[in-house]
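Peer 1: Turn these sequences into a full structure, and let the hints steer you where they fit.
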Amino acid sequence: MSILEKWDSIVNWQINNPSIDENKDRKEIIWELNKPITAEEIRNIEELSGEILPDHFKTLYTKANGQLSDSFPLFFGDAFMSSDSIVKDLEFARSLIKPQPQRVTDPEVSGALMHKIVAICVNDIPRDKYWFKVKFSCSGNSISGPALYENENTTSGEKEFFKISDLNSFLDVVRELHELEYESYNWDKIEFTLYNTGIFEWERKNYNFDEDIDFTSTPENAIKKKYFNHKWIPVFSDHGGNYIGMDLDPDVNGKRGQIINFGRDEEDMYVMADDLEQFFDSILNQLNINKGEALREFHIHDAIRELIKEGKF
0 MSILEKWDSI
10 VNWQINNPSI
20 DENKDRKEII
30 WELNKPITAE
40 EIRNIEELSG
50 EILPDHFKTL
60 YTKANGQLSD
70 SFPLFFGDAF
80 MSSDSIVKDL
90 EFARSLIKPQ
100 PQRVTDPEVS
110 GALMHKIVAI
120 CVNDIPRDKY
130 WFKVKFSCSG
140 NSISGPALYE
150 NENTTSGEKE
160 FFKISDLNSF
170 LDVVRELHEL
180 EYESYNWDKI
190 EFTLYNTGIF
200 EWERKNYNFD
210 EDIDFTSTPE
220 NAIKKKYFNH
230 KWIPVFSDHG
240 GNYIGMDLDP
250 DVNGKRGQII
260 NFGRDEEDMY
270 VMADDLEQFF
280 DSILNQLNIN
290 KGEALREFHI
300 HDAIRELIKE
310 GKF
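The sequence shown begins at 0 in numbering that gives the first Met the number 0 and counts up one residue at a time.
It is possible that some hints are incorrect.
Only pairs whose alpha carbons sit at most 30 Å apart, straight line, appear in this in silico DSS-like list of lysine-lysine [stated by the list, open to error]: (1) LYS97 with LYS204; (2) LYS57 with LYS115; (3) LYS57 with LYS204; (4) LYS290 with LYS311; (5) LYS5 with LYS308; (6) LYS223 with LYS162; (7) LYS115 with LYS224; (8) LYS254 with LYS308; (9) LYS223 with LYS254; (10) LYS204 with LYS5; (11) LYS224 with LYS254; (12) LYS87 with LYS132; (13) LYS223 with LYS34; (14) LYS254 with LYS225; (15) LYS62 with LYS97; (16) LYS162 with LYS188; (17) LYS34 with LYS87; (18) LYS230 with LYS57; (19) LYS5 with LYS87; (20) LYS308 with LYS225.
Derived DEER-like restraints, expressed as beta-carbon distance ranges [to be verified]: (21) PRO98 with LYS308: 51 to 57 Å; (22) GLU178 with ALA38: 51 to 57 Å; (23) LEU179 with ASP123: 45 to 51 Å; (24) VAL251 with LEU3: 30 to 36 Å; (25) PRO98 with ILE288: 35 to 41 Å; (26) THR192 with THR37: 30 to 36 Å; (27) VAL251 with GLU296: 30 to 36 Å; (28) SER1 with THR37: 20 to 26 Å; (29) ASP250 with SER70: 47 to 53 Å; (30) ASP83 with ASP250: 28 to 34 Å; (31) ASN15 with THR37: 29 to 35 Å; (32) ALA111 with ASN140: 18 to 24 Å; (33) LYS162 with ASN207: 25 to 31 Å.
Keep in mind that the hints were calculated from the coordinates and are not lab data.
C-beta atoms are modelled at their ideal positions from N, C-alpha and C, and glycine is treated no differently.
Peer 2: Structure, rendered in structure tokens:
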């Protein structure tokens with residue numbers, strides 16, 4: 000069978016073998032697919048990933064460019080992703096990339112914006128409070144704090160929070176600063192400390208997901224231990240930030256184009272197959288065993304991991 004015939008067999012099996020909790024109208028909505036992918040849509044993915052897409056991916060997407068966003072998930076509870084959805088995830092992954100070295104290219108303008116942020120905060124410090132210092136951190140979309148410390152011995156548990164009265168204006172300035180420094184620094188947040196002497200300090204910070212999360216790779220050194228990678232092409236999504244997709248940037252023991260799980264809750268990453276076609280072969284093999292029960296016992300990502308552990312996938 001061709002890869003398209005294998006994909007159709009998997010989808011048709013699910014239509015003909017609905018699980019107990021699936022909607023009775025499933026047969027009417029399962030085939031709500033997008034039109035085939037265009038050459039321009041393929042180029043968009045390739046430009047963002049910096050990689051030429053494997054033929055098996057392009058062939059699959061000649062069937063359809065994913066499924067409609069509001070249609071029933073086509074792959075055991077996972078949605079078949081459109082190129083628009085893929086592009087959004089790749090853009091997010093690229094947004095995590097930090098310039099090397101990180102630097103401030105216009106210190107004068109950056110400094111003026113920093114002072115403006117501090118001035119807005121200082122204006123909202125309660126006038127009836129004595130304070131030693133104020134601390135807060137912010138990104139373009141949020142603020143943590145500000146918190147008032149009464150004296151130098153005030154603990155974190157004793158600090159008092161107060162509100163920024165015009166939060167939208169405050170965040171507009173933070174966003175302006177981030178946009179100014181995005182190409183050269185791309186910080187994730189800035190931590191501020193203000194003292195009652197008029198002195199204030201700031202520090203740009205990066206979130207280090209790759210070090211903060213204890214990732215594993217099975218087999219060892221087959222998948223790079225990262226939170227996200229703009230060279231991982233998601234194909235199936237559980238709508239919860241978790242994916243099954245192609246790895247175009249494998250680790251030293253991996254193979255380009257291998258199928259892996261990755262995402263928000265996927266600290267334990269597995270190579271599920273060498274490519275999409277082999278992946279579909281393994282799925283079809285499971286469907287012939289006990290009516291595919293093993294694929295429906297858990298979340299599909301967990302189910303496949305368990306089968307790999309048992310040497311059955």
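Peer 1: If a hint holds in the structure, say so; if it does not, say that too.
Peer 2: Status of the hints after comparison with the structure:
The hinted pair formed by LYS97 and LYS204 meets the criterion: a straight-line CA distance of about 11 Å does not exceed 30 Å. Note on LYS57 and LYS115: the hinted pairing is violated, with a Cα-Cα distance of about 50 Å set against a maximum of 30 Å. Pair hint LYS57 plus LYS204 does not hold up; C-alpha atoms about 39 Å apart against a cutoff of 30 Å. Distance restraint check for LYS290 and LYS311: the Cα-Cα separation of roughly 15 Å lies within the 30 Å cut-off, and the hinted pair is therefore satisfied.
Distance restraint check for LYS5 and LYS308: the Cα-Cα separation of roughly 24 Å lies within the 30 Å cut-off, and the hinted pair is therefore satisfied. Distance restraint check for LYS223 and LYS162: the Cα-Cα separation of roughly 42 Å exceeds the 30 Å cut-off, and the hinted pair is therefore not satisfied. Among the hinted pairs, LYS115 with LYS224 is inconsistent with the structure: their alpha-carbon atoms are about 39 Å apart, more than 30 Å. Taking the CA atoms of LYS254 and LYS308, the gap is near 20 Å; set against the 30 Å cutoff, the hint holds.
Between LYS223 and LYS254 the alpha-carbon distance is near 12 Å, which keeps this suggested pair within the 30 Å criterion. Restraint check for LYS204 and LYS5: the C-alpha separation of about 47 Å exceeds 30 Å, so the hint is violated. A C-alpha spacing of about 15 Å is found between LYS224 and LYS254, which places the hinted pair at or below 30 Å, so the restraint holds. The suggested pairing of LYS87 with LYS132 is violated, with an alpha-carbon distance near 41 Å, which exceeds 30 Å.
Note on LYS223 and LYS34: the hinted pairing is violated, with a Cα-Cα distance of about 33 Å set against a maximum of 30 Å. A threshold of 30 Å between alpha carbons decides the hint, and for LYS254 with LYS225 the separation of about 17 Å falls inside it, so the pair holds. A distance of roughly 37 Å separates the Cα atoms of LYS62 and LYS97; the hinted pair therefore is violated under the 30 Å criterion. About 19 Å separates the Cα atoms of LYS162 and LYS188, which keeps this hinted pair within 30 Å; it holds.
For the hint pairing LYS34 with LYS87, the CA-to-CA distance comes to about 19 Å; that is within 30 Å, so the pair holds. Using a Cα cut-off of 30 Å, the hinted pair LYS230 and LYS57 holds, with the two alpha carbons roughly 16 Å apart. A C-alpha spacing of about 28 Å is found between LYS5 and LYS87, which places the hinted pair at or below 30 Å, so the restraint holds. Distance restraint check for LYS308 and LYS225: the Cα-Cα separation of roughly 22 Å lies within the 30 Å cut-off, and the hinted pair is therefore satisfied.
Distance hint for PRO98 and LYS308: a CB-CB separation of about 40 Å, inconsistent with the stated range 51 to 57 Å. For GLU178 paired with ALA38, a C-beta distance near 32 Å fails the hint of 51 to 57 Å. Separated by about 24 Å at the C-beta atoms, LEU179 and ASP123 break the suggested range of 45 to 51 Å. In this structure the hint that VAL251 and LEU3 lie 30 to 36 Å apart at CB holds, the actual value being about 33 Å.
Here the CB-CB span from PRO98 to ILE288 is close to 50 Å, at odds with the stated 35 to 41 Å. Checked against the hint of 30 to 36 Å, the C-beta distance between THR192 and THR37 comes to roughly 52 Å, which is inconsistent with it. For VAL251 and GLU296, the hinted distance range of 30 to 36 Å is satisfied, since their beta carbons lie about 33 Å from each other. Between SER1 and THR37, the C-beta spacing of about 21 Å keeps the proposed range 20 to 26 Å intact.
Our hint of 47 to 53 Å for ASP250 and SER70 is violated, since their Cβ atoms are close to 35 Å apart. Restraint check, ASP83 to ASP250: a C-beta distance of roughly 29 Å satisfies the suggested window 28 to 34 Å. Hint check: ASN15 to THR37, Cβ distance near 32 Å, so the stated range 29 to 35 Å holds. Between ALA111 and ASN140, the C-beta spacing of about 22 Å keeps the proposed range 18 to 24 Å intact.
LYS162 and ASN207 have their C-beta atoms about 30 Å apart, which keeps the hinted 25 to 31 Å range intact.
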